[in-house]
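Asks: Here is what each chain is made of, one letter per residue.
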Amino acid sequence: MSEKTAPAKAATRAALGDSLVELLHEGVDVVAVDADLSGSTTMAKLGSVAPERLINVGIAEQNMIDVAAGLSLAGKVAFTGSFAVFGTGRVYDQIRNTVCYANLNVKISPTHAGISVGPDGGSHQMIEDIALMRVLPNMRVLVPADYASARQALRLAAFTPGPVYVRLGRAALPQIYDEQQRFALGNALLLRPGTDVTLIACGAEVAEALTAAELLLQHDVHAEVIDAFSIKPLDASTILQSVARTGAVVSCEEHSVIGGLGSAIAELLAENPGLAKRPLARVGVQDRFGTSGNTPELFAEYRLDGEAIAQAALSVV
Amino acid sequence: MAFDEQAVRLRACRIRKSIIEMIGAAGSGHPGGSLSAADILATLYFGDVLRYDADRPDWPDRDRFILSKGHAAPVLYATLAEMGLIPHDELLTLRRLGSRLQGHPDSRKLPGVEVSTGSLGQGLSIAAGLALGLGSAEAGAAAGGFVPAEAGAGLGEAASGTPVAPQPPTVYVLLGDGELQEGQVWEAAMFAAHRRLNNLVAIIDNNGLQIDGRLEEVVGLGSIEAKFKAFNWQVLQADGHDIAALKAAFTSTAKLQAGPVVIIAKTVKGKGVNFMEGQCGWHGKAPSVEQCAQALSGLADGDE
Numbered sequence: 001m002s003e004k005t006a007p008a009k010a011a012t013r014a015a016l017g018d019s020l021v022e023l024l025h026e027g028v029d030v031v032a033v034d035a036d037l038s039g040s041t042t043m044a045k046l047g048s049v050a051p052e053r054l055i056n057v058g059i060a061e062q063n064m065i066d067v068a069a070g071l072s073l074a075g076k077v078a079f080t081g082s083f084a085v086f087g088t089g090r091v092y093d094q095i096r097n098t099v100c101y102a103n104l105n106v107k108i109s110p111t112h113a114g115i116s117v118g119p120d121g122g123s124h125q126m127i128e129d130i131a132l133m134r135v136l137p138n139m140r141v142l143v144p145a146d147y148a149s150a151r152q153a154l155r156l157a158a159f160t161p162g163p164v165y166v167r168l169g170r171a172a173l174p175q176i177y178d179e180q181q182r183f184a185l186g187n188a189l190l191l192r193p194g195t196d197v198t199l200i201a202c203g204a205e206v207a208e209a210l211t212a213a214e215l216l217l218q219h220d221v222h223a224e225v226i227d228a229f230s231i232k233p234l235d236a237s238t239i240l241q242s243v244a245r246t247g248a249v250v251s252c253e254e255h256s257v258i259g260g261l262g263s264a265i266a267e268l269l270a271e272n273p274g275l276a277k278r279p280l281a282r283v284g285v286q287d288r289f290g291t292s293g294n295t296p297e298l299f300a301e302y303r304l305d306g307e308a309i310a311q312a313a314l315s316v317v
Numbered sequence: 318m319a320f321d322e323q324a325v326r327l328r329a330c331r332i333r334k335s336i337i338e339m340i341g342a343a344g345s346g347h348p349g350g351s352l353s354a355a356d357i358l359a360t361l362y363f364g365d366v367l368r369y370d371a372d373r374p375d376w377p378d379r380d381r382f383i384l385s386k387g388h389a390a391p392v393l394y395a396t397l398a399e400m401g402l403i404p405h406d407e408l409l410t411l412r413r414l415g416s417r418l419q420g421h422p423d424s425r426k427l428p429g430v431e432v433s434t435g436s437l438g439q440g441l442s443i444a445a446g447l448a449l450g451l452g453s454a455e456a457g458a459a460a461g462g463f464v465p466a467e468a469g470a471g472l473g474e475a476a477s478g479t480p481v482a483p484q485p486p487t488v489y490v491l492l493g494d495g496e497l498q499e500g501q502v503w504e505a506a507m508f509a510a511h512r513r514l515n516n517l518v519a520i521i522d523n524n525g526l527q528i529d530g531r532l533e534e535v536v537g538l539g540s541i542e543a544k545f546k547a548f549n550w551q552v553l554q555a556d557g558h559d560i561a562a563l564k565a566a567f568t569s570t571a572k573l574q575a576g577p578v579v580i581i582a583k584t585v586k587g588k589g590v591n592f593m594e595g596q597c598g599w600h601g602k603a604p605s606v607e608q609c610a611q612a613l614s615g616l617a618d619g620d621e
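Residue numbers (the numbering used here), protein chains in the order written: chain S, 1 to 317; chain U, 318 to 621.
Since the hints were made in silico from the structure, they are not lab data. Where is the CB? At the ideal position from N, CA and C, for every residue including glycine. Careful: at least some of the hints might be erroneous.
Partial chain S-side listing against chain U, Cβ under 8 Å, derived [to be verified]: (1) Ala-14; (2) Asp-18; (3) Ala-60; (4) Val-67; (5) Ala-69; (6) Gly-70; (7) Lys-76; (8) Thr-98; (9) Phe-183; (10) Gly-186; (11) Ser-263.
If you want the footprint, here are the derived chain U segments under chain S, 3+ residues with CB under 8 Å [claimed, not checked]: (12) 358-370; (13) 422-432; (14) 438-445.
Bound-form chain S, shown alone:
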């Protein structure tokens, strides 16, 4: 981020409780189903204004997903909680065979995704969730980059019938968007125009990609930065047009390089004649687990920070 904006920092998870309360006040028949983490996920905020709408199933994540499925069958708009490692991985079969197979109106909205969880370590740092959710038929995948976009992602989830995954994190992130910014399924956002390389980022990596774009100016490289907020459906036209213009791509995600945003972009480019040979570098977690540390340390250790993105960009221009 450039210094002059002095952004307010907030975690994307904070948007969950705020959005649920907002949706309730708008008359949406919303419920939150959590598994003993309602303070951490911020779902407790909904419970504080409407106790009957926060359904805490205890430490029983499988039950959490299917209770939400049952509530959706009764007409509720059901959001599920827990941490992303449990709320997607442990309950994969419930999400696959009940929520997605039956195409139910259940929103998978756990928090604490990615390695930015920090000190809790690798067991709690979910870096495979985008891959797991992206591969499921009927599932949509949204990865917001800041608090404001998380609010919009959760609204989109609420008003889009069927399963939606919204990836939320624990760490406070710099503000990228103002409240007026609008988002849509299948729409990427062009945050910074450039001519030499396209940096396509999601989530916490959007701010890092903007930092990288500043760093790259020192090398006379003008980077275009795109926020791939909607990973499924992916905004193919925005991405392809940008890559056709700049001729090089770096994907940036706080996730494994296998199966996530980088893979989605690689698949897209490979299937488009003329663009398949554009150089692509994938910034992400390189097929390893996370580890304990604070978030900035981990972003440096795992080569996810702005400097690492800039270096990756220099390798492809």
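For chain S, the structure is supplied; the task is to place chain U on it using the hints.
Replies: Quick look at chain U alone, frame taken from chain S:
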């Protein structure tokens, strides 16, 4: 529809014939656990237990039935055909490309299927969430359940025209006994009792067999009754092939308002087809043409 034991018995016999015909035509499927549940579904659907409108399978105030043991799909399809929701001829499309009758029930394809099932252990959780969402009168006040906005519309009138308190729909869910080995079942059992969901009725098709052998040899459950009692459920027992006993159990559940109820229905796997009865080899195997004929002639005898 008043309860007529003999009429229900005839329905069960026809359901069994359909099960054999459809699995025989498909060349694959699960006859054992479908046959063991035939009397349970016949009593639920045709014994004046389940509240539904065959012309309006999406009627909001209907009671719900979830087949958690989704591999017994043929018994559900045969029952829906008896209701008139599926043409009888369509049963013979089971498991074929393009058929609404998928190998395991698919709610996106077939009206009357409340939710897709097939991965064991999930139905009780879904049923609990559905019961909570539909509104369990007692649970609503006690544990924060929902009171449905228009529950019982059109039903809240007694014959005399006197309004009575609306009764939220009841959710019935059928589980296999082998399915009780899935840990999630007990997550759901704990939750349903904690929430005092008194519009939730689970039925256990207790045939004692699973794919690899007798339950007690694979991983013994011990006492199903003691387990559910320990989880604060109200437990009823019934002979799962005695229509009158099943009807009596279902009638009793309406009076048990303290929370969820489970009916442990003692059954015989493959019931009604003599060479399949008690044989775990018939869990997931289709009968040959000759075996179908033999089974159907045996069932015709039982029709009398």
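Asks: If a hint holds in the structure, say so; if it doesn't, say that too.
Replies: Okay, the hints, checked on the actual structure:
Interface restraint check: Ala-14/S against chain U, minimum CB-CB distance 24 Å, threshold 8 Å, status violated. Nearest Cβ of chain U to the Cβ of Asp-18/S: about 21 Å, over the 8 Å cut. The hint is violated. Nearest Cβ of chain U to the Cβ of Ala-60/S: about 4 Å, under the 8 Å cut. The hint holds. Look at Val-67/S: its Cβ gets to within about 4 Å of chain U, closer than 8 Å, so that hint holds up.
At about 5 Å, the closest approach between the beta carbon of Ala-69/S and any beta carbon in chain U falls short of 8 Å, and the interface hint on this residue holds. This hint holds: Gly-70/S has a C-beta 2 Å from the nearest C-beta of chain U, less than the 8 Å allowed. Taking 8 Å as the C-beta contact cut-off toward chain U, the hint placing Lys-76/S at the interface holds, the least distance being around 5 Å. Given the 8 Å rule on beta carbons, the hint for Thr-98/S holds: about 6 Å separates it from the nearest Cβ of chain U.
With 8 Å as the threshold, the beta carbon of Phe-183/S stays out of range of chain U, its nearest partner Cβ sitting at about 28 Å, so the hint is violated. The closest approach between the C-beta of Gly-186/S and any C-beta of chain U is roughly 23 Å, which is over the 8 Å cut-off, so the hint fails. Because the beta carbon of Ser-263/S sits about 26 Å from the nearest beta carbon in chain U, more than 8 Å, this interface hint is broken. Here the region 358-370 of chain U counts 0 residues with a CB under 8 Å from a CB of chain S, which misses the bar of 3, and the coverage is violated.
By the rule of at least three residues with a Cβ nearer than 8 Å to a Cβ of chain S, the coverage given for the region 422-432 of chain U holds, with 5 such residues. A count of 6 residues in the region 438-445 of chain U with a Cβ less than 8 Å from any Cβ of chain S is obtained; the coverage claim is therefore met, three being the minimum.
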